[in-house]
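J.: With the hints as your guide, set chain Y onto chain Z.
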Amino acid sequence: MKLFKNILESVKPHFIKGGKLEKMYPAYDAFETFLFVPDHTTHSGSHIRDAVDLKRTMAFVVIALLPCIIFGMWNIGDQYFKAISESSDFMKNFIFGFWKFLPLLIVSYAVGLSVEFAFAISRGHSVNEGYLVTGMLIPLIMPVDVPLWMLAISVVFAVVIGKEVFGGTGMNILNPALTARAFLFFAYPSYMSGDKVWVHGAGIDGYSGETILGALAANTTSWANLQWSFNDALMGFVPGSLGETSFIAILIGALILILSGVGSSRIILSTFIGGYLTALLFNLWGVNVLMSTPAHIHLLIGGFAFGAVFMTTDPVTATQTNKGKIIYGLLVGFFAIVIRVFNPAYPEGMMLAILLMNVFAPLIDHYIVGANIKKRLKRVKV
Amino acid sequence: MQELANIFIKSIFIDNMVFAYFLGMCSYLAISKTVKTSVGMGAAVIFVLGITIPFNYLLEKYILKEGALVWISNDFIDVDLSFLSFIMFIAVIASIVQLVEMVIEKFSPSLYSSLGIFLPLIAVNCAILGGSLFMQERGYTSIVEATVFGLGSGVGWFLAIVGIAAIREKIRYSNVPPALRGLGITYIITGLMGIAFMSFMGIKL
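Residue numbers (the numbering used here), protein chains in the order written: chain Z, 1 to 382; chain Y, 1001 to 1205.
So here's chain Z without its partners, still in its complex pose (with noise of 0.2 Å):
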């Protein structure tokens, strides 16, 4: 650390105003900020003390998704030997998904910060943390198997369009990660959907590689028919994008959210309830299978719980207020239950409920900070 240090104090002078790199300062802002506490201090204005900043807060969350990814990758490699019917060990499981995790969270670091990057330089405003989140998330929520131009598109997609026209970090209207996917679903449906890319390697020999919502969708065969058992659904040993196979790891991951208190349980929870009681009220109404499928089953398979913990608190594009965060939360639930059972293009509802929510939040939170305004006006008046 002493040597970064060096280099970094040694190259300040080139990069400070009146400089000849002046122009880069936020590109060598951002490396010392990432590596070391920043001797900066805040200027005016009412001071807050107090050890959690940006850096901590998507550190927290980068922590909370481990579980995820560390299975996710394991389970690549499984679904895959299963594919090709060849026995495999854990380390090879492991190994093989690694290597196809990688590429992915390379090229989604690299594209989406070239372009922060880009932007900071040009506006002059400071790289912000924001992006650690982001790239984390988006190869989570890809197939495996999705070519890495297209993830690179949509990378910068997400990051121009969904992000910094708006201002970057903490701006944003749509989350990003769900950006890139939504992207890159209406634009290369092929890629995105269907049974064959979700375990690498499916086109060959006949295998099904179909999710559970997809074999569910296709309206032939019940819940209980299928080749998956509750328990595979709760451990995750069934296909999917890498992270949100996993219920047990997506649930370490909203514990760790919840007790740093980076996520808030309010959303998370109404959201898992908002769902369950879609699920069943369309139970009692059961004309197609994803209807008469259990409700506890709907949370358990797709990305609902993946969207539920991480996508639902991303505290930018969620709404602000309490009262408010539990009607987005039980809405979320209920438009990720009413897509996935009604509209049979999309049998995952979640990334775009999701989306949809983040396009009303703002309104849910005017509304709720006038109701606020009203009752506390009303008390004056007494």
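One should not assume that every hint holds.
[As the list claims (entries may be wrong)] Below 25 Å or equal to it, Euclidean Cα-Cα: the simulated BS3-like pairs (lysine-lysine) are:
#  : chain 1 : residue 1 : chain 2 : residue 2
1  : Y       : 1036      : Z       : 323
2  : Y       : 1170      : Z       : 375
3  : Z       : 323       : Y       : 1170
4  : Y       : 1061      : Y       : 1170
5  : Z       : 55        : Y       : 1170
6  : Z       : 323       : Z       : 375
7  : Z       : 23        : Z       : 12
8  : Z       : 374       : Y       : 1204
9  : Z       : 378       : Y       : 1065
10 : Z       : 374       : Y       : 1033
[Claimed, not checked] Interface residues of chain Y toward chain Z, partial, derived using beta-carbon atoms under 7 Å:
#  : residue
11 : 1166
12 : 1167
13 : 1171
If you are wondering where the hints come from, they were derived from the structure by calculation, not from laboratory data.
Backbone N, C-alpha and C define an ideal beta-carbon position, used for all residues, glycine too.
T.: Here is chain Y on its own, set in the frame of chain Z:
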């Protein structure tokens, strides 16, 4: 009953006037600066759509359609006045908008002044004429269906404008690149909202 519920849901979410057909964009972009005025504008559009569409439905059924004049005499069985539908629809819409304008001016002068020129311009709001033409094209079988369709389209438009108004209020404090401030960023937000509304495309009711 279920049929009516389907038409209502469909016209709000699946065939949303703004995000599926991009109709009524001018007032949608111009009035959406604050939630308060956009609620007024949205309500006016719901009202106008909810009245003009059944009105035009009757016009279509008893005057304009081929053979619609049979109720006067059997001699008119071959008469087809549907070439008049544009001008008739526009006349109905314009007169009803006049009515709405007078009502709003009387009961809410502040809303009247904040809506400004765009209130009379509802008359040429493409969403309104579009609604009547969709009604004609889709051939709803009863006046109740046509009314439900009109109200549903209005509610869809209302949701769109109120949603974007809240977003625009929120991003007022954002550091948007100078070149994009104002309409530019509004177009981008509309596009992103369109992506979110894509979730309902393809639902068959």
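J.: For every hint, state whether the structure bears it out.
T.: Hints, verified against the model:
1. Y/1036 x Z/323: Between residue 1036 of chain Y and residue 323 of chain Z the Cα gap is close to 21 Å, so the pair holds against 25 Å.
2. Y/1170 x Z/375: holds (22 Å)
3. Z/323 x Y/1170: holds (18 Å)
4. Y/1061 x Y/1170: violated (46 Å)
5. Z/55 x Y/1170: The hint holds at about 24 Å.
6. Z/323 x Z/375: Between residue 323 of chain Z and residue 375 of chain Z the Cα gap is close to 14 Å, so the pair holds against 25 Å.
7. Z/23 x Z/12: holds (13 Å)
8. Z/374 x Y/1204: violated (42 Å)
9. Z/378 x Y/1065: At roughly 57 Å apart (the allowed maximum being 25 Å), residue 1065 of chain Y and residue 378 of chain Z break the hint.
10. Z/374 x Y/1033: holds (22 Å)
11. 1166: holds (4 Å)
12. 1167: holds (5 Å)
13. 1171: holds (6 Å)
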